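Letter by letter, the chains look like this.
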Amino acid sequence: MTTALAHPDRFFSDRYGLTPSRLEGLLGTAVGGRVDYADLFLEYQIAEELVLEEGVVKKASRDISQGAGVRTQADVRTGYAYTGDLAIENLELAARQARVIADQAGRAGVMAVRAESRPHDLYPVAEPPVDAPLQGKVDLLHRVDALARGQDPRVRQVIASLLSEEQVILIATSEGWQIGDIRPLTRLQIRVIVEENGRRELGGFGGGGRVPFDFFLEQERWAHYTREATRQALLNLRAIEAPAGTLTVVLGPGWPGVLLHEAIGHGLEGDFNRKGVSAFTGRLGQKVASELVTVVDDGTIPNRRGSLNVDDEGTPTGRTVLIEQGILRGYMQDRLNARLMGMAPTGNGRRESFAHPPMPRMTNTFMLPGGDDPEEIVRSVPYGLYAVTFGGGQVDITSGKFVFSASEAYLIEGGRITAPVKGATLIGSGPEVLTRVSRVGHDLRLDEGVGTCGKDGQSVPVGVGLPTIRIDGITVGGTQV
Amino acid sequence: MLERLLASARRRGAVEADAFLVEEEELTLQVRLGQVESLRHARERHCSLRIFTETGSASATTSDLSPAALERLVDETLALAAVARRDEHSGLPAPEALARAIPDLDLLDAEGHAPPLEEKIAVARRAEAAALGFGPRVTTSEGAEFWDRRACVAYASSAGFAGGFEASIFAFSVTPVAVQDGEMQRDYWYTGARTLAGLEPPELVGEIAARRALRRLGARKLETQEVPVVFDPETAASLVRTLTIAATGPSLYRGASFLVGKLGERIATPAVTIIDDALMPNGLGSRPFDGEGVASRRVVLVDRGVLASYLLDTYSARKLGLAATGHAMREPGGGVGVGHTNLYLVPGPHSPEEIIASVDRGLYVTELIGFGVNFVTGDYSRGAVGLWIENGELAYPVEEITIAGNLLKMLQDVELVGNDLTFRDQSAAPTLKIARMTVAGH
Numbered sequence: 001m002t003t004a005l006a007h008p009d010r011f012f013s014d015r016y017g018l019t020p021s022r023l024e025g026l027l028g029t030a031v032g033g034r035v036d037y038a039d040l041f042l043e044y045q046i047a048e049e050l051v052l053e054e055g056v057v058k059k060a061s062r063d064i065s066q067g068a069g070v071r072t073q074a075d076v077r078t079g080y081a082y083t084g085d086l087a088i089e090n091l092e093l094a095a096r097q098a099r100v101i102a103d104q105a106g107r108a109g110v111m112a113v114r115a116e117s118r119p120h121d122l123y124p125v126a127e128p129p130v131d132a133p134l135q136g137k138v139d140l141l142h143r144v145d146a147l148a149r150g151q152d153p154r155v156r157q158v159i160a161s162l163l164s165e166e167q168v169i170l171i172a173t174s175e176g177w178q179i180g181d182i183r184p185l186t187r188l189q190i191r192v193i194v195e196e197n198g199r200r201e202l203g204g205f206g207g208g209g210r211v212p213f214d215f216f217l218e219q220e221r222w223a224h225y226t227r228e229a230t231r232q233a234l235l236n237l238r239a240i241e242a243p244a245g246t247l248t249v250v251l252g253p254g255w256p257g258v259l260l261h262e263a264i265g266h267g268l269e270g271d272f273n274r275k276g277v278s279a280f281t282g283r284l285g286q287k288v289a290s291e292l293v294t295v296v297d298d299g300t301i302p303n304r305r306g307s308l309n310v311d312d313e314g315t316p317t318g319r320t321v322l323i324e325q326g327i328l329r330g331y332m333q334d335r336l337n338a339r340l341m342g343m344a345p346t347g348n349g350r351r352e353s354f355a356h357p358p359m360p361r362m363t364n365t366f367m368l369p370g371g372d373d374p375e376e377i378v379r380s381v382p383y384g385l386y387a388v389t390f391g392g393g394q395v396d397i398t399s400g401k402f403v404f405s406a407s408e409a410y411l412i413e414g415g416r417i418t419a420p421v422k423g424a425t426l427i428g429s430g431p432e433v434l435t436r437v438s439r440v441g442h443d444l445r446l447d448e449g450v451g452t453c454g455k456d457g458q459s460v461p462v463g464v465g466l467p468t469i470r471i472d473g474i475t476v477g478g479t480q481v
Numbered sequence: 001m002l003e004r005l006l007a008s009a010r011r012r013g014a015v016e017a018d019a020f021l022v023e024e025e026e027l028t029l030q031v032r033l034g035q036v037e038s039l040r041h042a043r044e045r046h047c048s049l050r051i052f053t054e055t056g057s058a059s060a061t062t063s064d065l066s067p068a069a070l071e072r073l074v075d076e077t078l079a080l081a082a083v084a085r086r087d088e089h090s091g092l093p094a095p096e097a098l099a100r101a102i103p104d105l106d107l108l109d110a111e112g113h114a115p116p117l118e119e120k121i122a123v124a125r126r127a128e129a130a131a132l133g134f135g136p137r138v139t140t141s142e143g144a145e146f147w148d149r150r151a152c153v154a155y156a157s158s159a160g161f162a163g164g165f166e167a168s169i170f171a172f173s174v175t176p177v178a179v180q181d182g183e184m185q186r187d188y189w190y191t192g193a194r195t196l197a198g199l200e201p202p203e204l205v206g207e208i209a210a211r212r213a214l215r216r217l218g219a220r221k222l223e224t225q226e227v228p229v230v231f232d233p234e235t236a237a238s239l240v241r242t243l244t245i246a247a248t249g250p251s252l253y254r255g256a257s258f259l260v261g262k263l264g265e266r267i268a269t270p271a272v273t274i275i276d277d278a279l280m281p282n283g284l285g286s287r288p289f290d291g292e293g294v295a296s297r298r299v300v301l302v303d304r305g306v307l308a309s310y311l312l313d314t315y316s317a318r319k320l321g322l323a324a325t326g327h328a329m330r331e332p333g334g335g336v337g338v339g340h341t342n343l344y345l346v347p348g349p350h351s352p353e354e355i356i357a358s359v360d361r362g363l364y365v366t367e368l369i370g371f372g373v374n375f376v377t378g379d380y381s382r383g384a385v386g387l388w389i390e391n392g393e394l395a396y397p398v399e400e401i402t403i404a405g406n407l408l409k410m411l412q413d414v415e416l417v418g419n420d421l422t423f424r425d426q427s428a429a430p431t432l433k434i435a436r437m438t439v440a441g442h
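Listed in order, the protein sequences are those of chains R and C.
Every letter in the first sequence is one number past the one before it in my numbering, and letter 457, counting from 1, is 457.
Every letter in the second sequence is one number past the one before it in my numbering, and letter 27, counting from 1, is 27.
Don't read these hints as lab results, they were simulated from the structure.
Check the hints yourself; a few may be wrong.
[Unchecked claim] Cross-link-like lysine-lysine pairs, in silico, DSSO-like; alpha carbons within 30 Å at most:
hint, chain 1, residue 1, chain 2, residue 2
1, C, K262, C, K319
2, C, K409, C, K262
3, R, K455, C, K221
4, C, K409, C, K221
5, C, K221, R, K287
6, R, K287, R, K455
[Said to hold, decoys possible] Simulated coverage check for chain R against chain C, where a stretch passes if three residues somewhere in it have a Cβ under 8 Å from a Cβ of chain C:
hint, segment
7, 53-66
8, 393-399
What you are looking at is a predicted structure, and each value in this text was computed from that prediction instead of being measured.
Where is the CB? At the ideal position from N, CA and C, for every residue including glycine.
Could you build the full structure based on these sequences and the hints that come with them?
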């Protein structure tokens, strides 16, 4: 249905009669001569989910949401109103509500809105994942189930979910431009529960991105995910209690990059720094990491889950250097916070949907590779933890304390990887942890494409990445004293 | 409208169907350093349809309520149902399980939504001003937020149910930041109620938020050790929620819970009784019926240490050979999940001071961060913030530590339960002492 939609602007004008001149009129209502800036965010989104459990696809659902958000800004103030109904009367009402905020003089008028073309085309897909035939998706989930169960008789339960999404957006601003984007997104996630002598354990794996459904079939990715989930679950059957205390930790490549997301990423978002409440406030140009560490946020990597052609304010995404050889270089900005801090927007203004105003968010955040051999990094550790897969994390922006939870980890004893240990939470201090990075591998890897980041109740898809690194001391929250 | 939608679904091949219509109006405003920083208004509607055909079942949701869009909703749901399979347990609740009458739980405060915006802004301003004015070390604020929502829910099913209710929620919170010798700490406090008048005074909320931020200043790290751990009411409530997730039907029949097969068994010390009461008048989690029209009730989940009930929707109940408990919750795509309503740990005889005084050396936890819970095994490992207890008194703040254990073992180690239960959210608990956990630090 949506394959013909090369032009998001035509989508909203054909379907809802929201032509450029109508949008201009709405912006005029929002501005009302008293605000600095106004924009409109139109969205149409389809999310389809299929879930297999106990060998059958039991759950099939589809959520179609559409709506518009109208935002006005006057100095630091933001007015935001949204409606789930794209009828023009409702949009006008929203525009009037958004204007309520502007009770002080501003300066903007509305320029004639003209369309701009997208700066990138990062995720062209011949067939959007929401349009791929249902039967093929169901067949894939059954193959996952059969493979997992065929791998080992201890497999008791396989839960596989396939999410296919498409978001069509159009942004029009009082500065006189509009820009649209069509964003495909898909994710296959597999959880396997195994049981042996009454002990049950869980393993999980998945992947995806802004890619067509066939992505999972290419290179038999689905089979790789399935084998990984099963392997992890079986491994956990013989995991021993995790150690407790401060240890040397080696993080494997890829998903452990969630460390960066929590330890420094959120603390470098413009809003917290503009308010002066981040542990990184006022530290631009200072040393916050070892000189081996360079970290970037890059929204322009083709087909990645965290990538965007333009952010949700219409700013082209880019590559922002956050830390360069240990020195703090930049923040991630949306338009409002960039303006208030006298900086340039970086293409990090994102929102979950039309129901939410944008704020600075990460895209794909990762550390650049170093020169060390990953195996040699492990060999360099007399006693420590080798952690390769993580669940979620969280951070207290102000104190800088962050956590992230390992779901696959091993002891390192005498430079060798030995026993698998149970999952444990790692806790550290954002401004300090990267100063203790003593080795950086040459094996940078990005995650498989399953990450979702929550902030202020808004969820957005993100990516992370990391080469193998050694951290000389971080607190591991196990039970073995 | 719902009846027409159900009729259309049945005409085109659905054996059974149910549908929800939710209309909401919401206002969120943020004040920072006395200035209104953001104001958000919304009016939203969406409709969910779930159908069961002879062979399958599926659901779909739309925010476009035009007749053409609703016809498309039926088409799309049927297309999905063609690829999904149902089994002998799936389907609508039996008629006798449905709510017969809709009890008035006093969930709507129509007048509370009436006051002009300025009054709501004033509440947020007063709360923030109280926090900022509490002392010179409270230097800034992440802001204060006021939030209210009015929702109207209608539900109808081909099993013969049609009902609805209206509900209000009012809340505000404030997040001050305190500074001392280059160290910066934030904390927050909040109040929430079904009526505007039920909110706590802004000055009180602001003052508590400021005290909470201030008591974190000078935080130290601890040596790794095993000690008694006292959870304050907020973190104790989080622990009860965590336990309850493991007691939900879907995680049980999938074998994804450490509570599998434990119904009727002693899982905790007799000091532990946990109740979920959907019928609490004015309760922030109250509702007259659940997401499938099943009558709401008060359920004792843990009765003096014995696991007495699970939280079940119709499907998971049938799978487990039990009766539904009225805990179905509709998900964004229209499917059914399971969740608690007003969940609480029944208070015990001890004052919080008494509980702290019972600890020679141990940890008083005031905040937990991270997601380190394995529901299959019960393994628990989370980041913590709190105060160190020495000789029965709160001695100094601590941070950058973790607490770890296994939930089943922790339940068996509950030593004391406080008498300080207050409902300020959909879940609540009094102060709680666990005999021993691993605290990791240096």
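Tested hints:
A threshold of 30 Å between alpha carbons decides the hint, and for C/K262 with C/K319 the separation of about 16 Å falls inside it, so the pair holds. Restraint check: the Cα-Cα separation between C/K409 and C/K262 comes to about 14 Å, which is no more than 30 Å; the hinted pair holds. About 27 Å separates the Cα atoms of R/K455 and C/K221, which keeps this hinted pair within 30 Å; it holds. As the CA atoms of C/K409 and C/K221 are separated by approximately 25 Å, the hinted pair is consistent with the 30 Å bound.
Using a Cα cut-off of 30 Å, the hinted pair C/K221 and R/K287 holds, with the two alpha carbons roughly 23 Å apart. Pair hint R/K287 plus R/K455 holds up; C-alpha atoms about 27 Å apart against a cutoff of 30 Å. Evaluation of the coverage hint for the segment 53-66 of chain R: fulfilled, as 13 residues show C-beta separations to chain C shorter than 8 Å, against a requirement of three. Under a criterion of three residues with beta carbons nearer than 8 Å to beta carbons of chain C, the stated coverage of the segment 393-399 of chain R is upheld, 7 such residues being counted.
Violated hints for the displayed structure: none, as all numbered hints are satisfied.
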